[in-house]
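There are 2 protein chains.
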Amino acid sequence: MDAYNSITFVAKFIYIEIMNKPLILITNDDGISAPGIRFLIRIMRDIADVVVVAPEGPQSAMSHAITIKVPLHYKVIEQSDSYKEYSLNGTPVDCVKFALHQLMERKPDLVVSGINHGSNASINIIYSGTMAAATEAAMGGITGIGFSILDYANDANFEYAEKYIRKIVNQVLEKGFFDNTALNVNFPKYEGKEYKGLKVCKQAKAYWKEDFDERFDPRDGKPYYWLKGTFNVLEEDKQTDEWALKNNYVSLVPIQFDFTAYQRINELKHWEELC
Amino acid sequence: MDAYNSITFVAKFIYIEIMNKPLILITNDDGISAPGIRFLIRIMRDIADVVVVAPEGPQSAMSHAITIKVPLHYKVIEQSDSYKEYSLNGTPVDCVKFALHQLMERKPDLVVSGINHGSNASINIIYSGTMAAATEAAMGGITGIGFSILDYANDANFEYAEKYIRKIVNQVLEKGFFDNTALNVNFPKYEGKEYKGLKVCKQAKAYWKEDFDERFDPRDGKPYYWLKGTFNVLEEDKQTDEWALKNNYVSLVPIQFDFTAYQRINELKHWEELC
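So the sequence lines, in the order shown, correspond to chains A and B. Each residue of the first sequence is one higher than the one before, starting from 2 at the first, in the numbering used here. Each residue of the second sequence is one higher than the one before, starting from 2 at the first, in the numbering used here.
Chain A on its own, in the form it takes in the complex:
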């Protein structure tokens, strides 16, 4: 390699390092020490510069909640040029807002959330802090991806999810066109058989049949209640995420945040005359 080529090579290397290294923000709702986010951090550090801003403790089922009653404070866990990690006393959506508008010096190329311990397929998305973080990113013009696995165990096997995570993240980083869209990716519980592939799906119709577990306080005998319930899928459609997951496929649903029921607008229009 002659001098000119050496200089070109070094310049190219510096250019790639400085200018082209993508920047990824990572958060979750199970809290900063959950195995799912630790797994995701390891993979993302191979691909990009990484900033982690995650809840200091579990924030499951917090949906799109934001913290307005108490102030936020963060802790620095690690800080280097290519990797920064912070915990926050807030919800997953707080983490995204605080990262984007307070902690990060530039807008990330991608926000990833998870890996959530438990399904966010079908209607579960509405309760999910993991997916709310991804959606909040999309609302701010950055692609957000939420990853979840249908396994609550602390030692859930994420190993077979890795190649899908890498391919999906690389696709988004290459294309970068998912403004205003989040991606909801769910992995079946690994039960000894490799996943069959990826299915691009719609959200299945389903509902939770609720039940409350009544117990009595040993001090005063007063009742208290824990929410429990059973999940009921209402359609067998092969286009749905629930079908894909049941059949050992990885499901991917593109997500938007316009809640308007457009098909209802016309039938309601005559109400304008009533009032």
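Some hints here could point you the wrong way.
Given that identical chains are not distinguished, each listed pair holds provided it fits within a single copy or across any two copies.
Using 20 Å as the maximum straight-line C-alpha spacing, the simulated EDC-like pairs for lysine to aspartate or glutamate come out as follows [said to hold, decoys possible]: (1) 70 / 57; (2) 206 / 259; (3) 108 / 180; (4) 22 / 82; (5) 229 / 211; (6) 194 / 160; (7) 197 / 273; (8) 168 / 274.
None of these hints come from the bench; they were simulated from the model.
Position chain B against the provided structure of chain A, taking the given hints into account.
Then chain B, alone, in the frame of chain A:
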């Protein structure tokens, strides 16, 4: 009136009273003592038997969060044949679930939520506990209506909202066909001019430009942060709720809870080959 007619009349009266009196569940996110819910309770008691299950304190910006880390307990505030009122140490969505599955003997004909102090138009709906309660009802097959007024003041003027609330509620009770749909109704702040009418709208595209107010703890000098921000509407479309409200109309947006971005599915389908 002869004996036969008298009996018919009395029987009809009893029938209407027992069988036909609608049952309405009321909740909110500002808490059970907020002026908005007290106003709504007064109106609904004219129309129906009423059960109130509302958060014991403010639960604004709780979105669709549910309580899973601590157990729920409720307090009985009032109990008569036609009116029951309870407070709950939970979110608005908890209130709906707990009412429907634990406290109420029969399914209500309608769930109303509010009147929220502050706008739930446009993208504000995603953070709103008021609208999450209405949506949770719709997910359970019951029409849910969220009412909000663009006035944070404790003495907000609800007077001009009343006729709209009555007409909308009566429409739903008469038709009863809004399974899987919630209604997002917003009232402009009353500024001396009667509302121009009702507009059936779509959700306006908008975003919050976030900002964090940094302060320092007087004890240890460490920083803490309050979320603040400015709201930016991205379209001037006359079909949107933001346009209606700006022009002194009451806005009504029908709401659904399938988050699938259908228009994105086709462009993502080829990803199935990549993995």
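Hints the structure fails to honour:
none
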